[in-house]
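Below are the chains, spelled out letter by letter.
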Amino acid sequence: MSWYIRLFLAWAGMAGAVNSIWAQVTGFGCGNLLPAAYANSGYHAGSNQALHASEKLAYFSASHCSLYGIAGLSGSTIELAYPFQPGTMAFSCISSGFAHYRDYLTGLSFARAFGKKVRAGVQLDYLQSHAAEQAEILRAVSFEGGLVAEPVRNFYLAFHLVNPLQNRYAGSVYQHLPSLLRFAAGYRPGEKVLLITELEKDVQLSPVIKASVDFEPAEILLVRYGINSVQGHYLGFVITRRQAQLEAGLQRHPTLGYSVTGSFCWHFKSRRSI
Amino acid sequence: MKTLLAIILLFIFSTQTILQGQELVTGAAALAEQNIEETISRTDEETGYSELTEKLDALKHDQVNLNAATREELEQLAILNDFQVFSLLDYRKNFGNLASLNELLLVPGFTEESIDLLRPYTVTEEPPQSLPSLREALQQGNSSLMTRVQRPLQLLAGELDSSGYPGIPARIYTRYAYTYRNTIRAGFTAEKDAGEAFPSGSGIRLMDFQSAFVQLKNLGSIKSMVVGDYNLRFGQGLVLWSGYAGGKNSDGISIRKRQDGISPYTSTDENRFFRGAASTLQVDDTEFSFFFSMKPVDANIGYFDSLLMKPVSFSSFRTDGLHLSEQDMREKDAVDEMVAGGNISVNKSNLRWGLTAVHTRYSSTLVPFREGYSLFNPGGNSFTTGGIDFQYRTGTVLFFGEGGVASTGGFSFLAGALLHPSPGFTLSFLTRNMARKFTALYGRPFSESGKCNNEQGIYTGFQLQLPAHLILSGFYDLYRFPWLRYNADAPSGGEELLVKLSWNPSLSLQMQMRYRSEKNQVNSDPENAGMHLLGESLRRSFRYAALVRLNDAWRTQSRVDINIPSSGAGTDRPGYLLSQDLSWKPMETKVALALRYALFDVDSYENRIYSYESDLLYAFSVPSFYGRGTRIYALVSCTFFKRIDLWLRMARTQVMDRQTMGSGMSMIEGNRRTDVGLQLRIRF
Chain A
24 MSWYIRLFLA
34 WAGMAGAVNS
44 IWAQVTGFGC
54 GNLLPAAYAN
64 SGYHAGSNQA
74 LHASEKLAYF
84 SASHCSLYGI
94 AGLSGSTIEL
104 AYPFQPGTMA
114 FSCISSGFAH
124 YRDYLTGLSF
134 ARAFGKKVRA
144 GVQLDYLQSH
154 AAEQAEILRA
164 VSFEGGLVAE
174 PVRNFYLAFH
184 LVNPLQNRYA
194 GSVYQHLPSL
204 LRFAAGYRPG
214 EKVLLITELE
224 KDVQLSPVIK
234 ASVDFEPAEI
244 LLVRYGINSV
254 QGHYLGFVIT
264 RRQAQLEAGL
274 QRHPTLGYSV
284 TGSFCWHFKS
294 RRSI
Chain B
973 MKTLLAIILL
983 FIFSTQTILQ
993 GQELVTGAAA
1003 LAEQNIEETI
1013 SRTDEETGYS
1023 ELTEKLDALK
1033 HDQVNLNAAT
1043 REELEQLAIL
1053 NDFQVFSLLD
1063 YRKNFGNLAS
1073 LNELLLVPGF
1083 TEESIDLLRP
1093 YTVTEEPPQS
1103 LPSLREALQQ
1113 GNSSLMTRVQ
1123 RPLQLLAGEL
1133 DSSGYPGIPA
1143 RIYTRYAYTY
1153 RNTIRAGFTA
1163 EKDAGEAFPS
1173 GSGIRLMDFQ
1183 SAFVQLKNLG
1193 SIKSMVVGDY
1203 NLRFGQGLVL
1213 WSGYAGGKNS
1223 DGISIRKRQD
1233 GISPYTSTDE
1243 NRFFRGAAST
1253 LQVDDTEFSF
1263 FFSMKPVDAN
1273 IGYFDSLLMK
1283 PVSFSSFRTD
1293 GLHLSEQDMR
1303 EKDAVDEMVA
1313 GGNISVNKSN
1323 LRWGLTAVHT
1333 RYSSTLVPFR
1343 EGYSLFNPGG
1353 NSFTTGGIDF
1363 QYRTGTVLFF
1373 GEGGVASTGG
1383 FSFLAGALLH
1393 PSPGFTLSFL
1403 TRNMARKFTA
1413 LYGRPFSESG
1423 KCNNEQGIYT
1433 GFQLQLPAHL
1443 ILSGFYDLYR
1453 FPWLRYNADA
1463 PSGGEELLVK
1473 LSWNPSLSLQ
1483 MQMRYRSEKN
1493 QVNSDPENAG
1503 MHLLGESLRR
1513 SFRYAALVRL
1523 NDAWRTQSRV
1533 DINIPSSGAG
1543 TDRPGYLLSQ
1553 DLSWKPMETK
1563 VALALRYALF
1573 DVDSYENRIY
1583 SYESDLLYAF
1593 SVPSFYGRGT
1603 RIYALVSCTF
1613 FKRIDLWLRM
1623 ARTQVMDRQT
1633 MGSGMSMIEG
1643 NRRTDVGLQL
1653 RIRF
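Protein chains in written order, with my numbering: chain A, 24 to 297; chain B, 973 to 1656.
Calculated from the structure, these hints are not laboratory results.
Fair warning: this is a prediction, and the values are worked out from it, not measured in the lab.
Cβ atoms here follow ideal geometry from the backbone N, Cα and C, with glycine treated the same way.
Check each hint, because a few of them may be wrong.
What the hints assert, rightly or not - A few chain A residues that face chain B, going by a derived Cβ cut-off under 7 Å, partial list only: (1) P174; (2) F182; (3) P187; (4) S202; (5) F206; (6) K224.
With the rest of the complex left out, here is chain A:
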């Protein structure tokens, strides 16, 4: 049961959800990590910080994604989260780009549960952008946050807000830092199935609509399929064994082709039910 709660919470935040291969990483409560669609270029927010509030154990996670078979175009994340009495603190680093252009995001977040049905979280972001032809590294500070609620049993609603004040890189009027608003809804019709849909809108870009279904055919295996109005299709497999979780996934973009992602997460103590 706890698996599904975690999965939902991650997906409800939907760090770019299906469009993001990294959403699979965040799907294990390792949220807050990455960037999402490289097609949007530059910094892209991580998952809903409210997801961390459901964590009972400290964990470390790492992930890597190779995009569209283009040499050097990739993204990587690491995250360390530690739950304590008032809530969960997490530290994350994200790197994305290619040899001549790279974005970095360093985030420090705090998340807390309010009762059994409400979780909320915020994160302070420090962003850097480095292009080979630029002498200076561009820097910006921003914040993001979100909330996940279960107003009716097995029915979930969530929102995630990123860079609400439209902060920009200091010294650059062209570099786009997205201001995002995401709404997600999830429904669990049975113990082994989870349905999620999400709407994401960047103030400067067309909206992205996403939907996914998770199915757990066996206790250690979960299969995930997603479809995204921009990024195409995703198919992923999640294997869980004691304190370790491993996910491998394949995304097919209608024009750019295939991307491969892999992630690993390790919980530092034996797992207990949430």
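Position chain B relative to chain A; hints supplied.
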């Protein structure tokens, strides 16, 4: 037996009442918000809406006695639908008075939700209704004094230009209100718009607009008497209806206007109200209303007689209420208006009918510009309009309507019916035919154009309660304009369709999805001079909203609006508005907080999206959004010493595609605008 059952119900629900108190206000207020937003999105008119919340606010202090209220008083609650009103009247007639509000569960058509909505505004005991002594009225009456200041933090063009604003750029509003039970009401309102002179410099005026009234109610045969400023609402609004008029609504069935006769004027529209005296006398089943009003109105002056120092003619009325430039000041109060008339309403058990007559005279002659579309606009300085209205109920069908004639010529009517064939299912129909020559200067009937002439149409709507806490509602309206209109150089027409699905599975969650499509015929090439062929403008919109009550204090609301124009409204690219609300209002503390973050991406002004915002008490903010940007606001309210209320609001809009905001004297250089508002109320 009935009393015993009522006592049991009272016991069962007494605990719920305590727990739900906070949500109840939200429910009724939410209905008002929805109506206001829908009305503004159709008409662009932004005044008169404070009446809705003021009425709800006043009802909390002077609750309606459900055992003594007349049909009109029940209708004025604006929470009950027509069939609930009749059902309650029938129940009272057959079984006697209600022992408690919870007994309403025994009344057909009432649900726990509708009882919850009523609870803050109604009682089942009779308050005393006699004229008090002056000492008693002063000691037991409730007074409040409120002042509000609003202004942007950035400098406006009117401030920077030496020939710009004659006064400070702040908008200032002050009001005093006094109520003694449901018998005496008095008030004073003063307001100046941003940039208007302060003090106003004319006569004894402190601000540009001032208004006052005294009202006596329910004193013997005097049902209502107002001296000062007032509104008049009779019949279906075809002949006489000032103030908030409502219109098409997403619930599909709220098409019948509910006459409330004479009521005090407390709004800040500087022209559309009456100033003088009015009274309604009740003799058995008949009510006689008389009114006389004399006040100046703003007008666009046509010919000015420099010897007599007064305008001889004017081309149109000015309704913006802004008095900033020299020309504004010349046209302010340029024409004297006299209005006199009366109404007779007869109430039988299932039939109510009424006669209304109104005569209006101006000190100058109205001479409108004669273009094709305005050929039948009224002219002259004297106008008389009369009408007859009715309402008849038989079984589960309610018929209503109004017909009128005017001295300018033409006969107009509208007639409708509400059907309640089974519990949870209501149908509505309305047809209208308003002649192009017909003139009712204070008419506001149900119509697409917001006017009372040059329109024919058929409307049908429904509301259906489905299983699983689902409610489906909607309407279809087909209309035609027999004569030309502005931006339509030939007789034109259109249609509007709206469907809404609501899901309220629990007190914690309310969701709704709404689809609306509106098709109109307009000039296909309006930029070119000369006559134009008509083309079609189609606008579709979709809305999703989810309100989640997280606990007793916190609630969130997510909302998505998508507008899709197809032609004649800029590009065909959809416009988006996403907003997220978070509010905190604990029951045990005197502090409340409301926050919103909104993100909008709309290509053109024609495709703009409206969104209701929480604002200072009795203030309304329903801004329209276009361009690309974000909007954030925070509203904090708190109460000190039980009698002092303070509100502070800050709203910030930031756009990415423009380097100026606003236009004219209110233009701001830069892509950010931050508005602040501060309001203080003292109750004593």
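**Prompt:** Are P174(A) and chain B close enough, Cβ to Cβ, to be under 7 Å, as the hint says?
**Reply:** Constraint on P174(A) satisfied, holds at 4 Å.
**Hint validity - K224(A) Cβ closer than 7 Å to any chain B Cβ** = 5 Å, holds
**Item:** Hint validity - F206(A) Cβ closer than 7 Å to any chain B Cβ
**Value:** With a closest approach of 5 Å, the F206(A) hint holds.
**Message:** Hint validation: F182(A) versus chain B, beta carbon distance must be below 7 Å. Holds or violated?
**Reply:** 5 Å, holds
**Hint check, P187(A) versus chain B [nearest Cβ-Cβ separation less than 7 Å]** = 5 Å, holds
**Prompt:** Hint check: is the beta carbon of S202(A) less than 7 Å from a beta carbon of chain B?
**Reply:** Hint on S202(A): holds, closest Cβ of chain B at ~6 Å, below 7 Å.
The structure shown violates none of the earlier numbered hints.
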